[in-house]
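Participant: Residue strings, one per chain:
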Amino acid sequence: MARLPITKTPKAYVGGKFIRSESRRVYPLNGKKGSFICNIPQCTRKDTRNAVVVAAKVGTNWASRTPYNRGQILYRLGEMMEARSEELAQAIALTGNLSIASARKEVATTVDCVIYYAGWTDKYEQVLGNTNPVSGSFLNFSVTEPIGVVGVIAADQPSLLSLIGLVIPVICSGNSVVALASSTNAYPAILLGEMLATSDLPGGVVNILTGFRHEVLETFASHEHLRGLNLCLDKDEQKIAETLASESVKRICIHSRQTDQAWFDEKHKSLYAIRNFLEFKTTWHPIGA
Amino acid sequence: MPPVALNKSPLKRLLDEVGPVDQVAIEERVAKFTTRSIKKSSKVWGLNLVVSMLDLTTLEGKDTSGKVESLCRKAIRPDEFVVTPTVAAVCVYPAMVTHARRCLGDAKIKVASVATGFPSGQFPLRTRLQEVKQAVRDGADEIDMVIQRGAFLTGDLQRIQNEIAATAEACGEARLKVILEVSELETYDNIRAASFLAMAVLRPGDFIKTSTGKTSGNATLANNQVILEAIRDFYLETGTPIAIKPAGGIKNSKQALQFLIAVKETLGDAWLSPERYRFGASSLLNDLLMQLRKQQQGVYQAPWKFSDAFSGY
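Respectively, the protein sequence lines represent chains B and A.
First residue of the first sequence: 1, per the working numbering; consecutive thereafter.
First residue of the second sequence: 1, per the working numbering; consecutive thereafter.
No wet-lab data here; the hints were simulated from the structure.
In this text, all values refer to a predicted model and were calculated from it rather than measured experimentally.
Treat the hints with caution; some may be incorrect.
Stated by the list, open to error - Taking CB as the label site, the calculated pair distances span:
| # | chain 1 | residue 1 | chain 2 | residue 2 | range |
| --- | --- | --- | --- | --- | --- |
| 1 | B | Tyr27 | A | Ser37 | 39 to 47 Å |
| 2 | A | Phe81 | B | Lys281 | 51 to 59 Å |
| 3 | A | Arg77 | B | Thr282 | 51 to 59 Å |
| 4 | B | Tyr27 | A | Pro85 | 38 to 46 Å |
| 5 | B | Pro202 | A | Ser37 | 42 to 50 Å |
| 6 | B | Ser246 | A | Phe81 | 18 to 26 Å |
| 7 | A | Glu60 | B | Phe141 | 46 to 54 Å |
| 8 | A | Gly139 | B | Val143 | 50 to 58 Å |
| 9 | A | Ser273 | B | Pro67 | 33 to 41 Å |
| 10 | B | Ser246 | A | Lys251 | 53 to 61 Å |
| 11 | B | Ala101 | A | Asp308 | 29 to 37 Å |
| 12 | A | Phe81 | B | Val134 | 55 to 63 Å |
Claimed, not checked - Below, simulated DSS-like cross-link-like pairs (lysine-lysine); rule was C-alpha separation at most 27 Å, straight line:
| # | chain 1 | residue 1 | chain 2 | residue 2 |
| --- | --- | --- | --- | --- |
| 13 | B | Lys57 | A | Lys133 |
| 14 | A | Lys264 | B | Lys57 |
| 15 | B | Lys32 | B | Lys57 |
| 16 | A | Lys67 | B | Lys46 |
Beta carbons are placed, not taken as given, at the ideal position from N, Cα and C, and that holds for glycine.
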C-alpha cells in the first residue's frame, strides 16, 4: 500500500522554537513553472518585535560565554550543516533557479564560512584590541565588546550563503541576531533553523524570520532596541533603512545587491566583518598600582 | 434517595452554599478574552486606564527609602514624554508608609500598605491588628491583609471571617484589601468559596486581592474570572459592590488589557475604575509606558529608555 505523503510545515525559528507567524499568514513557495512546493510563514513587524525581545534576553548569556566556547558551538553548527549538506543543496535548488551543482557549491562555501568565523572567536580580540602607546605612567588598552541585538536582512540569492555570511560574523563576538531570510527562497533558511537548534547555540541568539522585506524593513530600521543592522538591500530600500536608522543612531552596514558571484569571493570572509559590530572600550590604568 | 450527610464539614457546607465553579467553562471563557483585538485609540485609552488603576508596588526585603522615593516620583509622573494619569496608589511595607506619604506630598495618590504578617499571615492576631493600626496611623489609606490559608484549608472558616472583620474594624477609614492567595487555595471552588467568605464581612468598596506575588502561582485570567463572577453574584444578591485587585505576574500591557476585557464583559463599566479595580504590579508600568510611547512616536522602544533594571542587552 502506498504511504501517505508526510510533508514538513516550514516554520520560522525564534527563541529556540519553531513558530508560525503571529499573523498566521503564509505565502506560497513555488518551483519552476509555478508548481507549488510549500507555504512559508509571512512574518510581520510584531514577529520582529517578539524576536528582538528574546534575542536581547539571551544575548547577555551568549556574550558572557568564553570565546573558546562560542567557537566550539559555531564549529558544531558547521558539523551539523556538513552532515546535512545534500539536503541543504536540494533546498537551494528547490525553486529551480540554480542547478544542483551550483547549489552544492554554495553549501560548501557556506559551511567553510561558518568554520572560518568559528576559528576567529578566540582570536579577533588579540588582533583588534591592543595596548595603546601613551607617554605617561599609564597603561592604556582597548578591548572590544559586542554591541547587542543586530538586525540582518539576507539577499534573495544566494539565499543560504548570504544569510550565513551576514549572521555568523555578527554572532561570533557575542551579539545576537534577528534575521530575515530570502523572500524568494526561504526554504534553506528554514532548514538552517533546524541545524541551529541542534548545534548547542542557545535558543534566541539567532532568530530567523521569513516573509517579505518591504513588510518588515521599516521595523528593522526604526526599532530602537536593535543596535546594529547588517543588511543586503537595493538602492531604494537603502534610503529607507538609513533614514529610519538614523533616529536611533544605529550602526548600519549595507551590502548593496551584489552579483551572486561576489558572495563566493574570499574577500567576503573577513575580520572586518566581525569588527563592524563591536564596540571598543578604552581604559587607562596606572602602572605599578 | 441518597443518604443525607448530617455532619458535613464547614468548608463543604460553604462550598455547597456558594455553588461550584465549572473549570472547563471558565478556562474556555478566559481563553476567548485573549483573542480580542484592541488597537490604536482604544488601546491608548485602555493603557491609560490601566496606569490609573495601578498599585505601584515594591515589597522586597532590600527596599530602601531611596527606592521608595523614586517609586513615588514615578507614581506622580510616570513618564517624561507621554502624558498619563497618575497611578492609583503606591504599595509598600508598613515601615515605609510614613516615608511614602511624605514623598507623595499633596498628590492624589493613595498609600497602600501590606499588613497582618504579610506574606504568610502566620502571626498572632493581636500583633497583626497592631500592625494595621500603626500603618493607618502612619498615613496608609489602604491596607492589604492576608488571610490564613491554613485555617481555610482546615475548615476553620469562622476564624477567618472574624479576623477579616476585626481587621476591617482596625482599618477605620482606610480601605481593606483581602489577599486570598489563590495559588494556595488549590481549586477554583475554594477561590469562589473564600471570596464569598470575605465578601460577607467586607464593607462596600473594599477589595478582594488575588495574590501576594510572593508564591509561584499568581493572578491569572482564570482565577481573576472566578473572583469577578463571585463579585457579580454577590452584588446581584446583596447590592454590595466589592472591588478586586489582581496582583503578581501581570508584567505586560497585553495581559493587563485582557484583564480589563474580563472586567468589562463580566461586571460592566461600573467596575472599570480605580475605585473598583486595581492592578498590583511593579514592572507593568514600564511596559505600559513603552507601549504608550510606541503609540505616540510610532517606533518600537528600547527598554533602557525606561527606569528598568534591565538584565538583557
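Participant: Of the hints stated earlier, which fail here?
Facilitator: 1, 2, 3, 5, 7, 9, 10, 11, 12, 13, 14, 15 and 16
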